[in-house]
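Participant: Single-letter residue listing:
2 protein chains.
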Amino acid sequence: PPGRKVLIVYAHQEPKSLNGSLKRVAVEELSKQGCSVTVSDLYAMQFEPRATRNDIVGCLHNSEEFNYGMETWEAYKRGALSNDLIEEQKKVQEADLLIFQFPLYWFSMPAIMKGWMDRVLVQGFAFEFPNCYDSGLLKNKLALFSFTTGGSKEMYAKGGISGDIRYLLWPMQHGIMHFCGVKVLAPHICFAPEYASEKERKEMLIAWAQRLKTLWKEEPINCSPEWYFK
Amino acid sequence: PPGRKVLIVYAHQEPKSLNGSLKRVAVEELSKQGCSVTVSDLYAMQFEPRATRNDIVGCLHNSEEFNYGMETWEAYKRGALSNDLIEEQKKVQEADLLIFQFPLYWFSMPAIMKGWMDRVLVQGFAFEFPNCYDSGLLKNKLALFSFTTGGSKEMYAKGGISGDIRYLLWPMQHGIMHFCGVKVLAPHICFAPEYASEKERKEMLIAWAQRLKTLWKEEPINCSPEWYFK
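In the order they appear, the protein sequences are chains A and B.
Taking full-length UniProt numbering, I'd label the letters of the first sequence as residues 1 to 230.
Taking full-length UniProt numbering, I'd label the letters of the second sequence as residues 1 to 230.
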């Protein structure tokens, strides 16, 4: 609906890829609805995935023994995180919905996107004990993982060789988003687009656009072990 | 035993950290046994985690539409992967055992280590359909995930707020290592060292050294959904 803000965190090297098209479809459809849409195009930004001392501007809290979690927490509190992180945190803060668009790499997100999680979601900003899970600091936001796979739907079925696709969603949806208080919408999965026909790939784009039309009416999943492991 | 080769892939910024100590203990104990031990110290190497066109030397197979998986597969076959990847692949090829030593970041490995998986384990080298899972190309090797957590053992118990720790091992152990044919030893987990006393941290190091003494007699886990989700 008009006024809603969406951040798309996008990780694909090739604009012509299906991931690139899925991202464009989301920008178009959500803009049409009157949402304001921001895209973090991680490869185009050459986003830094490594969690290092460079993420803290100025002196360290404890320069004797570098502790990344501690240092970024302290740096967040005194406004001393590096600029690229502050920029991403602003985008997250403003967003009502986070969409993560990526090709599945090794049962997870590509390293460049994992680096976004590792570096942007610092203590103090995204959580702060005991404010985690349902009381995480990013509550009242929604997240949606939208991704493509190499393997087929059959491989990712319960009893399939790669196991139920939900098994691999646990670390991303529960361990990251739920931990920060974000409510999770059902994932959007395009299975094996590389083995699909041109027509099937078009249908994948249409199905995504269709889903987005009624996305704001969706209820979040119940992000507990039952949803994942039955 | 003498002659066995071990590769430790290590991802911590601080040598004085518990992860740093765990890595040193492994080098010492395994060397004492007569193993030859190699360490890939990812932060010290400033290892590149991003999967980009730079990983392919020379012309692309299809420069019209960049497909990372396809291009690295083709580049592997014609010996045109970037040098840093060839170096890591040599180390993997020679190793009987891979030890991954890292602090758990967001229910998974740090992005710099995920980038090692994304970039080093290319098709043709680590798997090649239908050679995956039990017939993956890295069969006859062992892997062991050794990591520290922020959360306590209670949080990661079955029924705990973060769920059974085994849930989050599925993508790493099954989705990556088993997929490549590697047999997986039980993980080695140090829970919440930041909340432990100096004495408890020392005991963690001793326990790791102890385990390594009889490591070669261990049986791999049965890397199937039953082990993870009961």
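Take the hints with a grain of salt, since some may be wrong.
[Said to hold, decoys possible] Restraint-style ranges between C-beta atoms, simulated for each label pair:
hint	chain 1	residue 1	chain 2	residue 2	range
1	B	154	A	222	20 to 26 angstroms
2	B	209	A	77	34 to 40 angstroms
3	A	78	B	139	49 to 55 angstroms
4	B	219	A	209	48 to 54 angstroms
5	B	38	A	1	52 to 58 angstroms
6	A	139	B	15	33 to 39 angstroms
7	B	218	A	209	48 to 54 angstroms
8	B	230	A	45	31 to 37 angstroms
[Said to hold, decoys possible] Okay, the calculated bits of chain A under chain B, using three or more residues with CB under 8 angstroms as the criterion:
hint	stretch
9	62-72
10	100-107
11	166-180
Read the hints as simulated data drawn from the structure, not as lab findings.
Remember, it's a predicted structure, so these values are computed and weren't measured experimentally.
We put the CB at the ideal spot given by N, CA and C, even for glycine.
Participant: Decide, hint by hint, whether the structure agrees.
Facilitator: To see whether the hints hold, each was checked on the structure:
Taking the beta carbon of each, residue 154 (chain B) and residue 222 (chain A) are about 23 angstroms apart, inside 20 to 26 angstroms as hinted. Range check, residue 209 (chain B) to residue 77 (chain A): about 38 angstroms between beta-carbon atoms, so the 34 to 40 angstroms window is met. Taking the beta carbon of each, residue 78 (chain A) and residue 139 (chain B) are about 51 angstroms apart, inside 49 to 55 angstroms as hinted. Take residue 219 (chain B) and residue 209 (chain A): their Cβ atoms lie about 51 angstroms apart, and the range 48 to 54 angstroms holds.
The beta-carbon spacing between residue 38 (chain B) and residue 1 (chain A), approximately 56 angstroms, falls within the hinted interval of 52 to 58 angstroms. A hinted range of 33 to 39 angstroms for the beta carbons of residue 139 (chain A) and residue 15 (chain B) is consistent with their spacing of about 38 angstroms. Here the CB-CB span from residue 218 (chain B) to residue 209 (chain A) is close to 51 angstroms, well matched to the stated 48 to 54 angstroms. Remark: the range hint 31 to 37 angstroms for residue 230 (chain B) to residue 45 (chain A) is contradicted by a beta-carbon distance near 42 angstroms.
A count of 6 residues in the stretch 62-72 of chain A with a Cβ less than 8 angstroms from any Cβ of chain B is obtained; the coverage claim is therefore met, three being the minimum. Check result for the stretch 100-107 of chain A against chain B: holds, 3 residues qualifying (beta carbon to beta carbon below 8 angstroms, three or more required). Interface restraint, the stretch 166-180 of chain A with chain B: holds (9 residues with C-beta to C-beta distance below 8 angstroms; minimum three).
The structure fails to meet hint 8 from the earlier list, while all remaining hints are met.
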